[in-house]
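These protein sequence lines map, in sequence, to chains A and B.
Here the first sequence is numbered in full-length UniProt numbering, starting from 1 and rising by one per residue.
Here the second sequence is numbered in full-length UniProt numbering, starting from 1 and rising by one per residue.
Hints listed in this document are in silico derivations from the structure and should not be mistaken for laboratory results.
Since we're looking at a predicted model, the values are computed, not measured.
Hints should not be assumed to be uniformly reliable.
Computed footprint of chain B on chain A; a stretch qualifies when at least three of its residues, placed anywhere within it, have a C-beta under 8 Å from a C-beta of chain B [as the list claims (entries may be wrong)]:
{"hint": "1", "region": "21-29"}
{"hint": "2", "region": "84-92"}
{"hint": "3", "region": "95-109"}
{"hint": "4", "region": "271-281"}
The beta carbon of each residue, even a glycine, is placed where N, CA and C say it ideally should be.
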Amino acid sequence: MRGIGKTGDRTAPVATVFRRELATVLRTPGYGVLALGLFVVLGGTLAVGGGGRTGFVPAVVDLLSVTEVVVPLAAFVVGYRALLVDAESGELAVIRTYPVSVAGYVAGVVLARTLAFLAIVVVPYALIGGVVWATAAPDTGIFATHSGVDSPLLYLRFLGLLVPFGAAYLSLATAVSAVASSRRGAVAIAVLALVAGVLGGDLALLRSLASGTPPSAIPGLLASAPNGAFRGLVFEGVIGVSFAPAGEFVDVGRAVGALLGWTVGGLVVSTMSLAYGDRIGVLFEGVRARLPSP
Amino acid sequence: MTDDPIAELSDVARTYGGVAVLEDVSLSVPPGVTAVIGPNGSGKSTLLGVLAGAVEPTDGGARYVGPDADRPIGYLPQRVPFREEFTARETLAFYARLAGGDPDDALARVGLSDAADRRVGALSGGMRRLLGIAQATVGDPPLVVLDEPTSGLDPGMRERAFGTAVDASGTDTAVVVSSHDLDLVDRHADRVAILDRGRVAAAGLRERLCSERGVGDVAGLYRAVVAGDAPDARSDDTDGDEPSAVHVTGVSER
Numbered sequence: 001m002r003g004i005g006k007t008g009d010r011t012a013p014v015a016t017v018f019r020r021e022l023a024t025v026l027r028t029p030g031y032g033v034l035a036l037g038l039f040v041v042l043g044g045t046l047a048v049g050g051g052g053r054t055g056f057v058p059a060v061v062d063l064l065s066v067t068e069v070v071v072p073l074a075a076f077v078v079g080y081r082a083l084l085v086d087a088e089s090g091e092l093a094v095i096r097t098y099p100v101s102v103a104g105y106v107a108g109v110v111l112a113r114t115l116a117f118l119a120i121v122v123v124p125y126a127l128i129g130g131v132v133w134a135t136a137a138p139d140t141g142i143f144a145t146h147s148g149v150d151s152p153l154l155y156l157r158f159l160g161l162l163v164p165f166g167a168a169y170l171s172l173a174t175a176v177s178a179v180a181s182s183r184r185g186a187v188a189i190a191v192l193a194l195v196a197g198v199l200g201g202d203l204a205l206l207r208s209l210a211s212g213t214p215p216s217a218i219p220g221l222l223a224s225a226p227n228g229a230f231r232g233l234v235f236e237g238v239i240g241v242s243f244a245p246a247g248e249f250v251d252v253g254r255a256v257g258a259l260l261g262w263t264v265g266g267l268v269v270s271t272m273s274l275a276y277g278d279r280i281g282v283l284f285e286g287v288r289a290r291l292p293s294p
Numbered sequence: 001m002t003d004d005p006i007a008e009l010s011d012v013a014r015t016y017g018g019v020a021v022l023e024d025v026s027l028s029v030p031p032g033v034t035a036v037i038g039p040n041g042s043g044k045s046t047l048l049g050v051l052a053g054a055v056e057p058t059d060g061g062a063r064y065v066g067p068d069a070d071r072p073i074g075y076l077p078q079r080v081p082f083r084e085e086f087t088a089r090e091t092l093a094f095y096a097r098l099a100g101g102d103p104d105d106a107l108a109r110v111g112l113s114d115a116a117d118r119r120v121g122a123l124s125g126g127m128r129r130l131l132g133i134a135q136a137t138v139g140d141p142p143l144v145v146l147d148e149p150t151s152g153l154d155p156g157m158r159e160r161a162f163g164t165a166v167d168a169s170g171t172d173t174a175v176v177v178s179s180h181d182l183d184l185v186d187r188h189a190d191r192v193a194i195l196d197r198g199r200v201a202a203a204g205l206r207e208r209l210c211s212e213r214g215v216g217d218v219a220g221l222y223r224a225v226v227a228g229d230a231p232d233a234r235s236d237d238t239d240g241d242e243p244s245a246v247h248v249t250g251v252s253e254r
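Sequences are here, hints too, so could you generate the full structure?
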């Protein structure tokens, strides 16, 4: 943050919070380790699945299940303390005496964390794509997206889909950081949210089918949870391009809407929690005061 | 110096887990230095938090009634909260960008220019507090609220920190500071508010409170009001001839 330097002018509060948060992230070596670990996991998964020579779409197939776990995990690692740090230290109370709104503060923190998250996640995936590019069979170099042909563009689509998927989880992680009152509490809530997010949607879908929901409803139901929406979009836009599917994997509009909804929902919870959390605490105190003492 | 208030607390109460920490506190804060003193657990930090907007009261409210300002209230909590990986200059630069001002000027004001490039984590406790005071005055807020800025410091640093805080006050600026250092309060405070078990036990101009209770200094005043050593330990300051700048509801009810 040396670049901030001496300033007499006032810049947008969101940009100011963003720069401070980004500077904090850049000075956290753990995030570099996280990116390296992610690259090792992805590389190991690719190697077990036959290596880069199998092509881009087979690589995506190999990486998909792992991605559904590691991307939410990385999002929670990056975001679970994003808003808690200042609240826990007391600096948020100081920041709130400055002309920056709660929404502006949350926006600045989340934007910086999102940028960091994308660097942590997309760079390892891009490197894996580079490995596939370097080692795959010659026909994977064809820049085409039509049926039956492998292509780097399909892998780029996969990378593109990581962004809304990761953003949804990062937003949820940020909400956890806003709701939690301590680091330990944040870890506990984050683990619960992670397990619920990764497994909850599929388990709910299975339960729904077991209770008589017709299979034709699967594309719509699958799209509701972040993992189902992401998986469905990958099948629709990447894997399914390589063959002629019998039907739709997912309701695309609903899947996109769901990922957007989870993202916006997390941000709303974060902002509301910081803006009105104290008042809710006061309401509880009021209720407690009205209860007869034991 | 005018007696028009910069901020007012009206019938403020705050409970935590059903336990009352503040009860029925009304206080107006005019320009100058107002020291909030009282035993541990008397509600000083909560009172200052309510005044700064950092603590939501369960009843009553705080109101800023001072001049228009982009940053009306500056606040330093009891625990200096800055991120340790940033330098002193970076820390103040962040705040200066939000409220306007020059971080180097703010550092110079508290005598920390030589430590500008030191990480917050490497600053001594006293230097951190000075940095906190510098932060609280960024943007020249008309009301500066400092929660125990001298806590845990050696005598020299206490004097320096308190003096720096006092320097922030002026004809249109109020500084509210809590402290256990009664000598410093005696030397620097214009007004004193004494908290005892969540209520304002006495408040008003320091000299007049001392005179009313027949004590020579704030330490004597504290003993008289909190320990009840003086015969008129709980008299209402508003009964005096001179209209008080600090109106205390809770006092007359005790």
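Against the structure, the hints:
Here the region 21-29 of chain A counts 3 residues with a CB under 8 Å from a CB of chain B, which clears the bar of 3, and the coverage holds. Residues of the region 84-92 of chain A lying with their CB closer than 8 Å to a CB of chain B number 5, which satisfies the three-residue condition for coverage. Remark: the region 95-109 of chain A is confirmed as covered by chain B, as 6 of its residues place a Cβ nearer than 8 Å to a Cβ of that chain, reaching the required three. As drawn, the region 271-281 of chain A meets chain B at 3 residues by the rule of a beta-carbon pair under 8 Å; at three or more, the given contact holds.
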